[in-house]
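Visitor: Sequence:
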Amino acid sequence: MVQNFVYNGMLDWYRYSPIPVQQANEEQIDRSVQMNNYQDRYPSSPMLRSTDIIQTRAREVISLEYFEIEAGQMPPLVYSTHHILINLKESPIRVENWRDKEYRDFQFSHHEIVITPAGMKSGWHWHGLANTIVITIDPTSLKRFSELELCTVLSEQQLQSIPQQKDTDLAQTAVTLLNAMRTRRVGYEVMYEALSRVFLVKLIQVYGERRADVLGVSSAFTAQHYHQFLKYVENHYRENIKVADVASYVGMSDAHFSREFKKTVGQSPYQFIMVFRVERAQELLSRVDKPIAEVAAECGFYDQPHFTKTFQKLLGCSPTEFRKQYFCTELS
Numbered sequence: 007m008v009q010n011f012v013y014n015g016m017l018d019w020y021r022y023s024p025i026p027v028q029q030a031n032e033e034q035i036d037r038s039v040q041m042n043n044y045q046d047r048y049p050s051s052p053m054l055r056s057t058d059i060i061q062t063r064a065r066e067v068i069s070l071e072y073f074e075i076e077a078g079q080m081p082p083l084v085y086s087t088h089h090i091l092i093n094l095k096e097s098p099i100r101v102e103n104w105r106d107k108e109y110r111d112f113q114f115s116h117h118e119i120v121i122t123p124a125g126m127k128s129g130w131h132w133h134g135l136a137n138t139i140v141i142t143i144d145p146t147s148l149k150r151f152s153e154l155e156l157c158t159v160l161s162e163q164q165l166q167s168i169p170q171q172k173d174t175d176l177a178q179t180a181v182t183l184l185n186a187m188r189t190r191r192v193g194y195e196v197m198y199e200a201l202s203r204v205f206l207v208k209l210i211q212v213y214g215e216r217r218a219d220v221l222g223v224s225s226a227f228t229a230q231h232y233h234q235f236l237k238y239v240e241n242h243y244r245e246n247i248k249v250a251d252v253a254s255y256v257g258m259s260d261a262h263f264s265r266e267f268k269k270t271v272g273q274s275p276y277q278f279i280m281v282f283r284v285e286r287a288q289e290l291l292s293r294v295d296k297p298i299a300e301v302a303a304e305c306g307f308y309d310q311p312h313f314t315k316t317f318q319k320l321l322g323c324s325p326t327e328f329r330k331q332y333f334c335t336e337l338s
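In this text, residue positions in the sequence shown follow the numbering used here: the first is 7, and each later residue adds one.
If you're looking for bench data, these hints aren't it; they were derived computationally from the structure. Glycine included, each C-beta is placed from N, C-alpha and C at the ideal position. Among these hints, one or two may not hold up.
Stated by the list, open to error - Computed spacing ranges between beta-carbons, pair by pair:
id: 1; residue 1: A261; residue 2: T57; range: 15 to 25 Å
id: 2; residue 1: S324; residue 2: S167; range: 28 to 38 Å
id: 3; residue 1: S274; residue 2: D111; range: 41 to 51 Å
id: 4; residue 1: G193; residue 2: Q166; range: 28 to 38 Å
id: 5; residue 1: Q178; residue 2: Y308; range: 18 to 28 Å
id: 6; residue 1: I59; residue 2: S324; range: 31 to 41 Å
id: 7; residue 1: L54; residue 2: A261; range: 47 to 57 Å
id: 8; residue 1: K248; residue 2: E155; range: 21 to 31 Å
id: 9; residue 1: N185; residue 2: S259; range: 49 to 59 Å
id: 10; residue 1: H116; residue 2: A226; range: 47 to 57 Å
Unchecked claim - Okay, derived cross-link-like pairs now, DSSO-like style, lysine-lysine, Cα gap no bigger than 30 Å in a straight line:
id: 11; residue 1: K268; residue 2: K149
id: 12; residue 1: K330; residue 2: K149
id: 13; residue 1: K269; residue 2: K237
id: 14; residue 1: K208; residue 2: K269
id: 15; residue 1: K269; residue 2: K248
Kindly produce the complete structure, drawing on both the sequences and the hints.
Guide: Shown next, in the form of structure tokens:
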């Protein structure tokens with residue numbers, strides 16, 4: 007029988023207070039200010055890790071790790087990525103899971119999954135040998151995939167919080183990904199990349215949280231218009247993009263395009279393009295040791311002060327501070 011309690015205390019995290027969830031006080035949850043890297047908190051190394059094997063771009067979207075691990079625990083922390091746990095063990099295993107205010111003590115069965123969105127505090131205690139696939143997904147990469155490939159705008163949370171659910175279809179797709187890594191036959195990286203896309207499509211179809219103002223409901227601004235806009239920005243974000251050029255590309259007048267875009271997407275085309283450029287800048291800042299001015303130019307900002315001001319406004323820190331924080335986190 008599943009027990010639901012409120013997590014109460016960070017130091018003795020494996021203990022709980024039997025307080026019904028509906029009576030919980032927000033003050034009982036002390037969210038970590040700093041986001042954590044899920045992989046840094048594993049009690050032992052995985053048997054297989056996609057980042058050690060796969061060299062294609064797919065590794066940037068989906069990270070897959072396979073564990074055969076004895077009883078252990080992970081303290082409740084807030085993570086910067088989505089993570090999906092998939093149980094491959096034939097016999098059920100007792101698991102305790104802390105999810106924000108909620109505590110659950112349950113039997114984790116074969117092909118059951120747990121989805122924990124980025125930003126949710128999560129902790130684990132498993133009581134026995136676990137055979138588990140852990141998939142972590144970067145929210146920025148998921149956003150890009152959903153919008154560019156599926157013409158689907160996800161909510162800020164992106165994925166539903168699923169504390170426990172049987173999903174044989176998604177589990178078997180993950181197993182096929184795992185087998186591609188295990189066998190490493192000719193073309194295994196191509197297969198992994200293709201199957202990663204299949205996994206993401208299935209995940210978004212069933213568990214994706216779409217924005218309330220779903221694209222395509224308006225005949226004035228359809229999903230096709232949005233897809234054309236995204237493709238244009240993807241190809242021209244390094245240049246000086248004018249709204250008139252984008253409007254012409256999607257076959258609309260300037261004013262009509264701007265009005266319908268903001269009504270549907272919730273921000274102006276200019277604001278969207280700035281966010282897109284800053285996301286690209288984050289990638290460059292975290293991967294290459296280029297001067298800030300070069301990063302600004304490569305992402306379409308006309309000078310470094312403009313880039314720094316926009317970056318600070320959207321993320322709350324300067325590009326230099328972001329780079330320092332990123333590399334300090336990587337080394338810690």
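Visitor: With respect to the beta-carbon atoms only, verify the hint that Q178 and Y308 lie 18 to 28 Å apart.
Guide: Taking Cβ atoms as reference, Q178 and Y308 lie about 50 Å apart, which means the hint is violated.
Visitor: For a C-alpha distance cap of 30 Å, please report whether K269 and K237 respect it.
Guide: Answer holds: K269 to K237 is near 20 Å, not above 30 Å.
Visitor: Quick check: does the Cβ-Cβ distance between S324 and S167 fall within 28 to 38 Å?
Guide: 33 Å, holds
Visitor: Cβ-Cβ distance between S274 and D111: within 41 to 51 Å?
Guide: Taking Cβ atoms as reference, S274 and D111 lie about 48 Å apart, which means the hint holds.
Visitor: Does the Cβ-Cβ separation between G193 and Q166 fall within 28 to 38 Å?
Guide: 34 Å, holds
Visitor: Within 15 to 25 Å or not, the Cβ separation of A261 and T57?
Guide: 47 Å, violated
Visitor: How does the Cβ-Cβ distance of H116 and A226 compare with 47 to 57 Å: does it lie in that range?
Guide: 48 Å, holds
Visitor: With the threshold set at 30 Å, check whether the alpha-carbon distance from K269 to K248 stays at or below it.
Guide: Holds - the C-alpha atoms of K248 and K269 are around 19 Å apart, at most 30 Å.
Visitor: Given the hint that K330 pairs with K149, does the C-alpha gap stay at or below 30 Å?
Guide: 25 Å, holds
Visitor: Should the hint that I59 and S324 are 31 to 41 Å apart at their CB atoms be regarded as holding?
Guide: This hint holds: roughly 36 Å between Cβ atoms.
Visitor: Holds or violated: are the alpha carbons of K208 and K269 at most 30 Å from each other?
Guide: 29 Å, holds
Visitor: Given a hinted range of 21 to 31 Å, is it respected by the beta-carbon distance of K248 and E155?
Guide: Holds - the Cβ-Cβ distance for K248 and E155, about 26 Å, lies within 21 to 31 Å.
Of the numbered hints stated above, those contradicted by the structure are hints 1, 5, listed in ascending order.
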